[in-house]
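Protein chains in written order, with the numbering used here: chain A, 80 to 411; chain B, 80 to 411; chain C, 5 to 341; chain D, 5 to 341.
Simulated from the structure, these hints should not be mistaken for laboratory data. Treat each hint with caution, since some may be false.
Stretch-level coverage of chain D by chain B, calculated; a stretch enters the list once three of its residues show a Cβ under 8 angstroms from a Cβ in chain B [what the hints assert, rightly or not]: (1) 108-115; (2) 128-134.
Estimated spans, in silico, between C-beta atoms of each pair [claimed, not checked]: (3) C:Leu325 <-> A:Thr334: 34 to 44 angstroms; (4) A:His390 <-> B:Gly312: 52 to 62 angstroms; (5) A:Thr334 <-> C:Asp314: 48 to 58 angstroms; (6) A:Gly314 <-> B:Glu404: 43 to 53 angstroms; (7) D:Ala22 <-> C:Leu211: 37 to 47 angstroms; (8) A:Thr309 <-> D:Asp285: 52 to 62 angstroms; (9) A:Glu308 <-> D:Asp285: 51 to 61 angstroms; (10) D:Ala199 <-> A:Ser289: 56 to 66 angstroms; (11) A:Arg281 <-> B:Gly268: 47 to 57 angstroms; (12) D:Arg292 <-> B:Asp109: 55 to 65 angstroms; (13) B:Gly312 <-> D:Pro327: 55 to 65 angstroms; (14) D:Gly245 <-> C:Ala273: 33 to 43 angstroms.
For glycine and all other residues, C-beta sits at the position ideal for the given N, C-alpha and C.
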Amino acid sequence: MTTTATTTTAQPTYREAMREAMREALRKDDRVFLMGEDVGRYGGSYAVSLGLLEEFGPERIRDTPLSESGFVGAGIGAALAGMRPIVEIMTVNFSLLALDQILNNAATLRHMSGGQMNVPLVIRMTTGAGRQLAAQHSHSLEGWYAHIPGIKVIAPATIEDARGMLWTALQDPDPVLLFEHGTLYNTSGPLAEDAGPVDIARAAVRRAGSDVSVITYGGSLAKALEAAETLAGSGIEVEVLDLRSLRPLDDEAITDTVRRTHRCVVVDEGWRSGSLSAEVSARITEQCFFDLDAPVERVCSAEVPMPYARHLEEAALPQPERIVEAVRRVVA
Amino acid sequence: MTTTATTTTAQPTYREAMREAMREALRKDDRVFLMGEDVGRYGGSYAVSLGLLEEFGPERIRDTPLSESGFVGAGIGAALAGMRPIVEIMTVNFSLLALDQILNNAATLRHMSGGQMNVPLVIRMTTGAGRQLAAQHSHSLEGWYAHIPGIKVIAPATIEDARGMLWTALQDPDPVLLFEHGTLYNTSGPLAEDAGPVDIARAAVRRAGSDVSVITYGGSLAKALEAAETLAGSGIEVEVLDLRSLRPLDDEAITDTVRRTHRCVVVDEGWRSGSLSAEVSARITEQCFFDLDAPVERVCSAEVPMPYARHLEEAALPQPERIVEAVRRVVA
Amino acid sequence: MSRRTATVHPPAPEASPAAKHRLELLRDMMRIRLFEERCVELYSASKIRGFLHVAVGEEAVAVGVMRALEDQDAIVSTYREHGHALARGVPMDSVMAEMYGKVTGCSRGRGGSMHLFDVDRRFYGGNAIVAGGLPLAVGLALADKMRNRPTVTVCFFGDGAFAEGEFHECCNLAALWQLPILFACENNLYAMGTALERAQAETDLALRAASYGMASWPVDGMDVLAVEQATRVAVDRIRGGGGPCFLELRTYRFRAHSMYDPERYRDKAEVERWRERDPLDQLSTRMREDHELTQEQQNALGAEVKAEVDRAVEAAEAAELEPLEDLTRFVYTESEM
Amino acid sequence: MSRRTATVHPPAPEASPAAKHRLELLRDMMRIRLFEERCVELYSASKIRGFLHVAVGEEAVAVGVMRALEDQDAIVSTYREHGHALARGVPMDSVMAEMYGKVTGCSRGRGGSMHLFDVDRRFYGGNAIVAGGLPLAVGLALADKMRNRPTVTVCFFGDGAFAEGEFHECCNLAALWQLPILFACENNLYAMGTALERAQAETDLALRAASYGMASWPVDGMDVLAVEQATRVAVDRIRGGGGPCFLELRTYRFRAHSMYDPERYRDKAEVERWRERDPLDQLSTRMREDHELTQEQQNALGAEVKAEVDRAVEAAEAAELEPLEDLTRFVYTESEM
Ligand SMILES: Cc1ncc(C[n+]2csc(CCOP(=O)(O)OP(=O)(O)O)c2C)c(N)n1
Ligand SMILES: Cc1ncc(C[n+]2csc(CCOP(=O)(O)OP(=O)(O)O)c2C)c(N)n1
Ligand SMILES: [Mg+2]
Ligand SMILES: [Mg+2]
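Using the sequences and the accompanying hints, generate a full structural model.
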């Protein structure tokens, strides 16, 4: 996973867009600093922070020892003391070691104190499978985190969002978890020279369509769009909704698209049982049951720790073909 | 939370039934041992293991230091080496400190090794609110754990199940998480002298009814039954299904009851968004959408870290009144 | 911002500054003792619910440490923190109201006994996860250091926290980054029912902390003057840029771990031995020997403190509950919702 | 159950037992070196995917430690474990097949490079969570102790694991319960791109482990004979009921952390200095000086090992993939499903 030093470009990679977002935040606000394992000398395990150490120095681009609970909690404490920390956890699996701090402290301190304080912290982490990293490096737990009151959860799926969500998250007075799907870093796309902050509260229709809604986010967006292309070929017009914010969910956008199409497939890389897709399905039932012409379907990951072998990993994950089949079932 | 030494009784408390189950297991199988914080000298933070140290000694009733990740992982290792450990975590919140071991090891070792080993481990923990223990001691995360492939999750809600589920869980070759709702320990009820192991795979209809199904588990069962009584007064016959096993879910029992009543309310003490109730609702949509006469409703906890003040805690939790209202809506 | 709320009991005219000071220390310890003894009664009367952990016997630690701090310093505490809060100057009324779950409580009744907060006094709360407050303290100290603020963050925790990984991660981070943090370990020899020697392979806690390369030493936690003195030395060193310090404050809890604890794990004789070293008695006896305190003065002081506790209870009884419609407030910052 | 798979290269007739032994050690190290060098090529050829962490330069640790173990002993390893697996006797074919993700792999292709398992040899696997294998080792040792089995559990981990709380919890549990466990710390001075002194407040790792009250000492990890000797001393002590031991095995990784690492954090000169202490060269040179090995024998040995690697690659290339319909197998034990 090599990379070149960033230049603002018309076709940046997702990695470069994230890096540019961090650089902008570090320049604009001296309370912002980045802390995590190998974010400095190494340049970031996925090279997202490459070059930032040279520009901002070791105090603000702070390498930490392997102490996930310690440095995530330190980020919470620094936020309480007026800083605006960006804490990077290399991979979502390692965040389990910091879950006590995230759930018992970051998410609860404001409430437990009766509103005396707030925790303006952003935690970034890599999520998802697709790189044959096997069962301890491939979880997709962002939807699981979305269960926790007191935090917000966002998942940039596009270059614009990679560039624009971080700053908005840093303005948020409460803790925001930002999930970067590992397969997106090398993707690239056009980005306006003046691209900047974007809202992080609303879902976005990435493709308009009238026959069926496919609701997804993060690493699955591209797969949904690919499936939509295929289906367009056989005359099925799919509307693709990118949730963007997993907590809170944009109920209005969800019900709008379902009311338009009356049919829905939710695509989520999480393990099927108890995944975010279940919450989306349940809400559709609660909010627009009588608009549905067919039961909501879900395309999720197989309920198996991610296998290493490529053919097994591919079979375990949502794929365009499986999305196409699900859509054909709901429009049948 | 005081208690008397156990005697097999016709009216044991939930606590005594759990203790009797542990005693039986320790007597029957010398590979079984209990390990956790204060399970020995102290008698267990909720007095569940009271008296076991005297009968089985400090090797098999093993007090541990405050090292949740260390001793839960040690339980996994001991299981790999042929033992049948029962690991007690005082309260579900503290299990977050051991989540790395539970998710990255207990749930994945069998798969990562291509089936070479299995982890016959039982982890018991207290869950739930209702005792004014506030935001760091009142979580209800059993439904959240049910998202994880590789483990099983059970929630005894009755005296029979408190007495009978443990042994069956210990016979299971894979890791089983057993959740004891804190408000149940002092409840008591009749228990047959010869009561013993029960199955842990199937849900159970706790009350038959034809008008609407209320699906719940654990600490909410009593509330659901109370609501059912109230509703019976106004001629609404509620069928109450106790899930018992949260992973895997008993799809057959769920669809059976919904096909009978065509209306359903799911009651779950977890925070509403992303709770197990969402999964149950989504499955009902997938498996018997066309049998439904009304959208599935959910009665869950408010999305707030649990407040200390009694009136606020009561308002945050599912209560019989709220269940009654929800049922009236779906039968309307 | 004032750390003390009520005025100090007027000492006899001839009292020296040192005598005045000791009288204040005695008074602060009495406030904690009488407040907590009352809480135990109120618990039995079901006025207070949830978990209640009192620190009766450990008052010298709270008072001695707080006395050595400045207003700008930060504190992170545990679930056994009534004394820390009172000694820091959190008004007794607001602490008692919190025990009652009233909206006038220092956490609006949402936290209860284990979650007392007062951000104006940089009291960052009771934390009910053993060792869970330590990472917060590391972060507070990191921020203050990055901002070149001359502040010290004190983190209280018990001997039991030594077994938790979070504690070790924090010792390393604080020592590696030379953060202005004081690790205040309240070693009362038990973690619930587990005696130190059954929880720690090496029971010399000060020695183990030293293995992280920080200044670390044990202190008689039953002697408030010794605690204050040791804390001053540590805080001066930390403020001077010397990096973190660790104090093993050797103390003992006279009462049960919580209201649910039948104390099967220790014998009465041991408790009695420690009661002979009651920090309040030790100080008052010494003051009387030094003719700094008469029995009359002591009685008057007790009456005064009792009256303060009475007022706090009355106020808590009379206070309002937070309206139900506010249930979901304070989960997110409102301007944003 | 045999820990060695292929037969040992026949030494010259006059070879002494000691000479034979050194030849076996050399051979074991060469098997690891050539296997891993081939893996790097295969990764570039996209035959192997995922993360690949090789231990080139650290072979003396794997070989020296394994040589001192018995069949009944247990091993828990890390994601940098090809050498541990091969030295333990996991057949090279099954390890290479695992790298290919084939069903003939030691984990049926489900684990890959970071998750090699061979329960018949009590090789409890590669673990890709830093320090995540330590609690498992504590549990294995606890069970063996409870069952009075004369076994030792060895847990490998790197210098980076010292910062993780899990490591400290495990040191305390092992020392407190006097468990038969050997902590084998591979100190290669870096955790990914983070140098030891930028991660640890106290860089003397053996000293820190000693603070848990266990026997602990540093060893030259580039000298296979020194590693074997130290491990024998430690294992004898542990088997004798002496409780856990800690070995700081001082070594160095010659190659990048993984295939994605551009090595910006250390300079070539440092790597070169360590390469001069290549454990294979050191041993072979010494053996030639002692007239235990001729250049011809060494070449023949190299050719033999290369042939073994070639066969492993051919077998892996030819092997089957697990059928897709088996995707969800091995999540739960089948008899139960
Ligand atoms: C992580 C965690 N594990 C367990 C508990 C339950 N618990 C509450 S207090 C306590 C004992 C702590 O002992 P110590 O740290 O010595 O503090 P003390 O109570 O003696 O003041 C335990 C085990 C908890 N609150 N948090
Ligand atoms: C808990 C956790 N945090 C971070 C990582 C990412 N990571 C993988 S290897 C590594 C460095 C570990 O260094 P060390 O323990 O010294 O072992 P070495 O790689 O040097 O053999 C890191 C940070 C991980 N796998 N697990
Ligand atoms: Mg203690
Ligand atoms: Mg290393």
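- Item | Those earlier numbered hints the structure runs against, lowest number first | Hint check: nothing fails, all pass.
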